[in-house]
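As they're listed, the protein sequences go chains A and B. Position one of the first sequence corresponds to residue 1 (full-length UniProt numbering), numbered consecutively onward. Position one of the second sequence corresponds to residue 1 (full-length UniProt numbering), numbered consecutively onward.
These are calculated hints, taken from the structure and not from any lab test. Wrong hints could be hidden among the right ones.
Claimed, not checked - The calculated lysine to aspartate or glutamate pairs, modelled on EDC-like cross-linking and capped at a C-alpha distance of 20 angstroms, are:
id : chain 1 : residue 1 : chain 2 : residue 2
1  : A       : LYS141    : A       : GLU118
2  : A       : LYS84     : B       : GLU137
3  : A       : LYS117    : A       : GLU29
4  : B       : LYS64     : A       : GLU97
5  : A       : LYS64     : B       : ASP61
6  : A       : LYS64     : B       : GLU31
Unchecked claim - To give an idea of the chain B side of the interface with chain A (calculated C-beta under 10 angstroms), a few residues:
id : residue
7  : LEU51
8  : ASP61
9  : ARG89
10 : TRP91
11 : TYR147
12 : ILE219
Claimed, not checked - Footprint (simulated), chain B over chain A, 3 or more residues, beta carbon under 8 angstroms:
id : segment
13 : 55 to 69
14 : 125 to 136
15 : 147 to 153
Where is the CB? At the ideal position from N, CA and C, for every residue including glycine.
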Amino acid sequence: MSGKPKLHYFNGRGRMESIRWLLAAAGVEFEECFLETKDDLTKLQKDGSLLFQQVPMVEIDGMKMVQSRAISNYIATKYNLYGKDLKERALIDMYVEAIIDLNELLMTHTFQPADKKEQHFATIVDKATNRYFPVYEKVLKDHGQDFLVGNQFSRADVQLLETLLMAEECKPDILAKFPLLQSFKARISNIPTIKKFLQPGSQRKPPLQEKDVPKLMKIFH
Amino acid sequence: MAGKPKLHYTRGRGKMESIRWLLAAAGVEFEEEFIETKEDLEKLRNDGSLLFQQVPMVEIDGMKMVQTRAILSYIAAKYNLYGKDLKERAWIDMYVEGTTDLMGMIMYLPFQPADTREKNLALMIERATTRYFPVYEKALKDHGHDYLVGNKLSWADIHLLEAILMAEECKPDILSAFPLLQAFKGRTSNIPTIKKFLQPGSQRKPPIDENFVAIVRKIFNI
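Chain A extracted, bound-state conformation (with noise of 0.2 angstroms):
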């Protein structure tokens, strides 16, 4: 049964956030059922419409999706952002999972303990500069493209303008040495469904706040 993307997820970025920006770049309109308490979330298993009992849950083209990496696959071939052959969509797959693996790091630096705050961000800084930015920066300066596979647009440039944002909000000038990735952000800002997506207003979530962990504690845990 045709109609939108419905996502089930909690009112915040987590998990979800990925899959609302490639719905977003696809230019693919969708609905969000939020869970706010405990009770949303047993109620979701309770139903049978978790798979394992976990969400991100998305219902489109008649399934009911879950673990993210499964939806993010399904919506980016469905939309054509996961390059034109099988090597294409090698590399694209290579640089989205760093990107996945760098963004866990910056989505569990809110739950860490006051003690370990501090070394964590330094860990942050330390792998998005010298390990990742690095590799995307020269993935450009190499080929000179404006996209960073195929020279066509692709859930790799969509994931990774997320993550420099996110890396952004952590340290502002976490892009200083990395010229390209500054342009590559500008670039891809640009594109209309994604500048519509980074408008007030739309359904991208904000950073979480310290205050709004107890209650995603008690959705959760």
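Dock chain B against the given chain A, drawing on the hints supplied.
Here is chain B on its own, set in the frame of chain A:
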């Protein structure tokens, strides 16, 4: 440039084992170059072989592929183990992510202090028997086929078998409430390429022991 894929990793299972399983199940011969010391890892890093300074790395079809899932997806697609269309792919992805989560719970147990390990082992058993195995048991029950998706062997089946065997190493009777998974295990283990991989002398790696934990810690500085 053709030639056998070449795997770069330690001599243990870790994140490379699922890749070994998939290649073996596809009947693809592969070579392995083992990282025995910290210096071996540094050398790979210094000669620019590791895109993000990490292993697994697999030399395949002229690429130096990294990131476990990227490598697995490539192999699955190349050897027709990824379903026949987008929807079958979606199901395979969902199932594989589930078994990845389950194996992830098992993989790190030997690296944890004894008290945490015991707690996490109990949690893994609970998750295996209440969250994961029931899903695969039901999938097999609902369609009555031999394989999880599309009535054909796929990456999802191979990954599930690997997860079942790993879970049984932790608790031998962990499948007692899952008759269809037991039958699945028997059946899938008998597929010639997989049967071969399960025999002694294959490139399948044994479970990790304490000595190897120490070696891994040294290599990766963890």
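Quick rundown of the hints versus the structure:
no. : hint                   : verdict
1   : A:LYS141 with A:GLU118 : violated (33 angstroms)
2   : A:LYS84 with B:GLU137  : violated (36 angstroms)
3   : A:LYS117 with A:GLU29  : violated (37 angstroms)
4   : B:LYS64 with A:GLU97   : holds (15 angstroms)
5   : A:LYS64 with B:ASP61   : violated (36 angstroms)
6   : A:LYS64 with B:GLU31   : violated (40 angstroms)
7   : LEU51                  : holds (6 angstroms)
8   : ASP61                  : holds (8 angstroms)
9   : ARG89                  : holds (7 angstroms)
10  : TRP91                  : holds (8 angstroms)
11  : TYR147                 : violated (18 angstroms)
12  : ILE219                 : violated (18 angstroms)
13  : 55 to 69               : holds (count 6)
14  : 125 to 136             : holds (count 3)
15  : 147 to 153             : violated (count 0)
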